[in-house]
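With chain A held as given, fit chain B onto it using these hints.
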Amino acid sequence: MLRGSRGEPVRRALELQLEVGKFYGARRFVPVTNVHMMGDIEVMGDGGLAHLRRLEGAGARCEVAVTTNARCFDFAHVERLGQDPGEAAKERELIGCLRRMNIATTDTCINYQTVYQPHFGERLAWGDTGTVIWANSVCGARSNFESGPAAMAAGMTGRVPEYGFQLDRHRRGTFVVEVATGLDDLAEWGALGKLVGESHQSYFAVPVFTGVRRAPTADELKHLGTSLASYGSMAMYHMVGVTPEATTLKAALGGSRPSGRMRITRADIERVFRSYRNPDGSCNFVVFSGPQLSLLEMRRLAQLFEGRRVHAGTTVFATTGNGVISQARALGYAQALEAAGVTILEGVCVYILQNLSHMRAANCWTNMISNSAKIVNTITAHKFNTILRRTEDCVEIACSGVYR
Amino acid sequence: MSGARVTIRVKRAFGRAVEGEAVVSEEGFSPRYDLDRWSGVITKPGHRLEGVNIRDKILFFPTAKGGIAAGWAFHDIKTKGIAPRALVFGVTNPVMVQGAVFAGMTITEGWSRDPRACIRTGDTVRVDPAARTIELVKRG
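Read top to bottom, the protein sequences are chains A and B.
Numbering of the first sequence is given in the numbering used here, commencing with residue 1 and proceeding in unit increments.
Numbering of the second sequence is given in the numbering used here, commencing with residue 1001 and proceeding in unit increments.
Hints are computed from structural coordinates only; laboratory data are not their basis.
Restraint ranges, calculated between C-beta atoms of paired labels, are given here: (1) A1130/B - R266/A: 47 to 57 Å; (2) C1118/B - Y276/A: 29 to 39 Å; (3) G1081/B - E392/A: 42 to 52 Å; (4) A362/A - G1081/B: 21 to 31 Å; (5) P244/A - K1138/B: 48 to 58 Å; (6) R266/A - G1110/B: 32 to 42 Å; (7) C1118/B - A89/A: 49 to 59 Å; (8) F204/A - C1118/B: 23 to 33 Å; (9) K1138/B - E79/A: 52 to 62 Å; (10) G1081/B - H358/A: 16 to 26 Å; (11) F273/A - G1081/B: 41 to 51 Å; (12) N363/A - P1045/B: 13 to 23 Å; (13) G260/A - R1116/B: 17 to 27 Å.
Derived EDC-like pairs (lysine to aspartate or glutamate); straight-line CA-CA distance at most 16 Å: (14) K383/A - E1050/B; (15) K250/A - D168/A; (16) K1080/B - D46/A; (17) K1011/B - D1114/B; (18) K383/A - D1036/B; (19) K1078/B - D46/A; (20) K1057/B - E1135/B.
Here the structure is a predicted model, which is why all the values come from computation and not from measurement.
From the three backbone atoms N, C-alpha and C, an ideal C-beta is built for every residue, glycine too.
Looking at chain A on its own, in the form it has when it is part of the complex (with noise of 0.2 Å):
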């Protein structure tokens, strides 16, 4: 392949692959055989943009199954959002190019939830940090976080460089978090992942969570990994009795010592909440995004939002993929959140829109308030001030224009 036998875009992708291997002292390469990608305008840019071009025009194709993240552009949404029209015919283009080189377009970045379930020890290449976080963690698969490029690379040559969580040494616990309560909302689980990913930022580091009351659900555990992610830049946890590496604390940590422990008590969660400012008291953008939401949360918010209307003047989102819209439509989940107010945007996740800053400053956006403690931490370079809130509370808060 490094003498180009297969093209020059695999030579390229291969000589990316190495650097990055040996930065990190690789001894090898692995298959793979899945990938997930980030790719749309507003992160790639015109350089990104031409760079896909001169790859499709040197023939370059996938080999392996290659799925993208949640984009930049609903395009049934663009005008109402004032987004940039030649920024969406550039996003357009992008899906084409992507298309063309044999990549599936999914624009989610649930695919763990809706499209691909990896087994046990399967080696993939996904991007997004919440995907990684959930296939190391919760399925017992390996991946590092393969970022656009490096995971395009791997899309093309197949394999990936041999180190970080590819290797049983960096997938042990490294410290101990005792979760001495139990947690119900959404936002409390990433209210969990805020607390112990801002105090321990580290991609090594892994946290092996004990205690835990009760059998989370996969949407619990998404919030929470997506949290640890967002705010620790960590790809993976343990849970003990959960997940399955940790069937017991010892197997968790794999014979070493963890570097430290700490308890998370009721007190530090309610903390979290109260912890958030809100400086001209105003309440009038609320969002569930950043992950994506899942058919059974979609479910969950119609039944808030049933018979109930979004107070005038406020303005919800709701982002999925296709797949979800597609079976809330036919469950009647769609209909319910449409009627009562709430913007549906398909494919999308609303801290990457295109044109977030403008349309902060047109619509008097100064807070953001949501029940994903990830966006609340990504969408803070758009200058948005924001607060998490519980999922019932941001319902709330929707409908009757009072903040709590």
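The following block gives chain B in isolation, referenced to the frame of chain A:
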């Protein structure tokens, strides 16, 4: 200033040798969460470097923050002409490394002594990935 040479050894490195003005941060970094990728200014409210332009700088960060976007983002800001010359991390993650390699930007990880104790924002420093060293060239 004392005449003693200030040299930091780094654990891992990629890229060509570069010299430039140091910006030393107490806080970690993500090009998606913290940076306005059109101006090159760190815009996250409350970030320790809020208002700082990263163009042509040598950036010292103790940690990397989450976010897969760096993979494309470094290439993007390089195309726009607002990229830093090098990224020097205490602890980083693969996204930063993949993004820097893809963009052809110098990056290092791990340090023998904490730059916050010996390098100041405004100093001129030289990063040499082949030698795995960072040297103070001139006080700012």
